[in-house]
Structure formats: structure tokens, C-alpha cells
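Enquirer: Modelling step: build the complete structure from the supplied sequences, incorporating the hints.
Just so we're aligned, residue 1 is where the sequence shown starts under the numbering used here, counting upward by one.
Think of the hints as simulated: they come from the structure by calculation, not from any bench.
The structure displayed is predicted, hence computed values, not measured ones.
One or more of the hints may lead you astray.
Stated by the list, open to error - Straight-line distance between alpha carbons at most 30 Å, and here's what the computed DSSO-like set of lysine-lysine pairs gives:
id : residue 1 : residue 2
1  : K39       : K10
2  : K80       : K11
3  : K80       : K49
4  : K39       : K11
5  : K11       : K49
6  : K10       : K80
7  : K39       : K49
8  : K80       : K39
9  : K10       : K49
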Amino acid sequence: MARDLASDAKKAGVSRVAVMPFEPADGGSARDGWNISEKLVTQLVRTGKVQTLERSMLKALMNEHQLGRTGALDPATLRKLGRVLSA
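Expert: Now the structure itself:
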């Protein structure tokens, strides 16, 4: 899956991606979602086709996203944040 995602990203001109932790739909542990995202990031990096957003920047992005969920930031502002972080 990571190879396909990385190839498609490269074809689309995307060189940097952010992988958010997954939220289990079956009521599983949030840690499971984090582990899945970590595995995906590892595989994406190994392809050498895309860079991933650093975890410290991802945390800041997630905090901003939480603000967006409260209505404090509109979707356009969140998209701008993504562009600033080059993801």
C-alpha cells in the first residue's frame, strides 16, 4: 500500500505527506491507530519517493485541527496551515 501511495503522490507532484493516526472504527484502542500510522510512515519513507512530516510538526498540525473541529478555524484556514507545513 505504501508503495502505491508513494508512487501516486510522486505522479501528482506531491513530495511531502503527513500521516495522521488512524481512529479504529471498531472501538479498538487509539494506540492501535497510532501503530498503524507509524508502520505506514516507515514504509513510505523506505520507498524514497516522499518525505513525511516530522512528528513534532504533526502534533502542532493536530492541535490546530482540534481547533478546527471546535469551529475556531474554518476549513480554508486549515488548508493554509497544511500548505505552510508543506504537506
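Enquirer: Is the straight-line distance between the alpha-carbon of K39 and that of K49 30 Å or less?
Expert: 16 Å, holds
Enquirer: Checking one constraint from the list: CA of K80 to CA of K49, max 30 Å. Satisfied?
Expert: 24 Å, holds
Enquirer: Checking one constraint from the list: CA of K10 to CA of K80, max 30 Å. Satisfied?
Expert: Answer holds: K10 to K80 is near 21 Å, not above 30 Å.
Enquirer: Is the straight-line distance between the alpha-carbon of K39 and that of K10 30 Å or less?
Expert: 20 Å, holds
Enquirer: Are the Cα atoms of K10 and K49 separated by 30 Å or less?
Expert: Within the cut-off at roughly 7 Å; holds.
Enquirer: Is K11 close enough to K49, meaning Cα to Cα at most 30 Å?
Expert: Status holds; Cα separation ~10 Å.
Enquirer: K80 and K39 were given as a pair; does the straight-line alpha-carbon distance stay at or below 30 Å?
Expert: 27 Å, holds
Enquirer: Does the structure keep K39 and K11 at a Cα separation of 30 Å or less?
Expert: 23 Å, holds
Enquirer: Quick one, are K80 and K11 close enough, alpha carbons at most 30 Å?
Expert: 22 Å, holds
Going through the hint list in order, the structure satisfies each hint without exception.
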